[in-house]
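Trainee: Chain residues, written in single-letter form:
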Amino acid sequence: MRIKKNIAVSDSGFVFNPTTGDSYSMNQVGREILNHLTNGRSLEEIKAVMTSEYDVDAASFEKYYFDFLSMLRQFELLDDGDEN
Amino acid sequence: MGMKTKITVALSGLNNTDNPGPGVPVIRGIRESEYFDPRIIGLAYENLEPAIYMRGVVDKTYQVPYPSEGSGVLINRILEIHRRDPIDVVVPNFDAELYAFMRSEKVLEDAGIRTFIPTLEQFEERHKEHLPEFGKKYDLHVPFSKSITGLDEIRKLKDDFEYPLMVKGKFYDAYLAYNEEQVRMHFNKITAKWGVPVIIQEFIKGTEVNVVALGDGRGNTIGAVPMRKQYITDKGKAWAGITLDDRKMLDLTSEIMEKTKWRGGMELELIKSHRNELYIIEINPRIPAWVYLAVGAGQNLPEAMVKLALGMEVKPFGTYEVGKMFIRYSYDLITDLKEYEKLSTQGEL
Chain H
-9 MRIKKNIAVS DSGFVFNPTT GDSYSMNQVG REILNHLTNG RSLEEIKAVM TSEYDVDAAS
51 FEKYYFDFLS MLRQFELLDD GDEN
Chain U
3 MGMKTKITVA LSGLNNTDNP GPGVPVIRGI RESEYFDPRI IGLAYENLEP AIYMRGVVDK
63 TYQVPYPSEG SGVLINRILE IHRRDPIDVV VPNFDAELYA FMRSEKVLED AGIRTFIPTL
123 EQFEERHKEH LPEFGKKYDL HVPFSKSITG LDEIRKLKDD FEYPLMVKGK FYDAYLAYNE
183 EQVRMHFNKI TAKWGVPVII QEFIKGTEVN VVALGDGRGN TIGAVPMRKQ YITDKGKAWA
243 GITLDDRKML DLTSEIMEKT KWRGGMELEL IKSHRNELYI IEINPRIPAW VYLAVGAGQN
303 LPEAMVKLAL GMEVKPFGTY EVGKMFIRYS YDLITDLKEY EKLSTQGEL
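Protein chains in written order, with my numbering: chain H, -9 to 74; chain U, 3 to 351.
Next comes chain H alone, as it looks inside the complex (with noise of 0.2 Å):
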């Protein structure tokens, strides 16, 4: 699972897809998973520090972490070998 190679995310947590000119705001937990999502990081390695980062259970965190990546990719911000 990847962010699509043209799309910026500043340190503050602003994503900008210039293909669409759309913008997002992420706040410091989006930020963080989305990190771990660009260095490539399997669900259970980032699981491992979440949980072990925030008070939230396995269970509960695996439910916000899918829920946020079907975001992501209805804002067609996930590579999913689309080209473009």
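No lab work stands behind these hints: they were computed from the structure. Every value quoted in this text rests on a predicted model; they were computed, and no experiment measured them. Incorrect hints may appear among the rest.
What the hints assert, rightly or not - Straight-line distance between alpha carbons at most 25 Å, and here's what the computed DMTMM-like set of lysine to aspartate or glutamate pairs gives:
1) U:K250 / H:D69
2) U:K250 / H:E66
3) U:K261 / U:E107
Fit chain U to the supplied structure of chain H, relying on the hints for placement.
Mentor: Below, chain U without anything else, positioned relative to chain H:
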């Protein structure tokens, strides 16, 4: 760098209103030229077109008659102005003016006035009412459409279209209609303003995106910048927008330029469907009012167009900045009745 070349450019579209014309942004581009030292002559149709009174934008304004009074009348007025106040290049910024200028290109050129506009054939074939044939001829995606001239044709639309559909004027105005009654209403509104035909167009679901481009008349794209409107007024005009990084849009633009050998400025109105296909919904035969975004992103298309009009060699722009934005604003300038009076009584200011 040496001295800049002095040049006089006359242009219309001074209506920087809530239906903004391209005049002011085109002027700003030309004024920012590193090559030209321009004198700008404004051509005004109405006495309250804002740019007439904008010091530092327009140096001199002349009133001109509407093209609906006959193209000869308009061109004669331009030639009359030219005799007193010589013009090097004229940039017509309204669709409705283009006929007059295209027909009189030779007359103007013989008098020493250059233009860089499409040919009559190019202008005609991209017309909204001819878009289906255009799509077929050049193998391009266009929405299905039909021209109608009478109210009695509205009932039969359901044989060819699914609702909602678009109802469009020959030159301007576009409305979405969900049923026959709404088509009738828009038909009446549009014909009262622009006459017939009214164009009925298939509604394509997706995101509207636009390209401003300049063709050299030999099939080359001198420049092209894709944009998405971020804020749209209730007249459907872009009040804010952002440049996009979209290879498909640029490829489509090059394809159109190459196939049509387009000469001059162009605005492409496209719908990007959810399946990521691009449909051409309109091809406007001139520079759009948001062209200053292209200038800001690194492509001074108005300057390039003036150079092309003068027969100069212009190298295609390679790139532009992605993520550049424009935000239009309104501003009230103060002027004196005397200025308005001078323009109204003497036809110039």
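Trainee: Each hint should be assessed against the structure and marked as holding or not.
Mentor: We went through each hint and held it up to the structure:
Among the hinted pairs, K250 of chain U with D69 of chain H is consistent with the structure: their alpha-carbon atoms are about 17 Å apart, no more than 25 Å. Between K250 of chain U and E66 of chain H the alpha-carbon distance is near 16 Å, which keeps this suggested pair within the 25 Å criterion. Distance restraint check for K261 of chain U and E107 of chain U: the Cα-Cα separation of roughly 23 Å lies within the 25 Å cut-off, and the hinted pair is therefore satisfied.
Violated hints: none; the structure is consistent with every hint.
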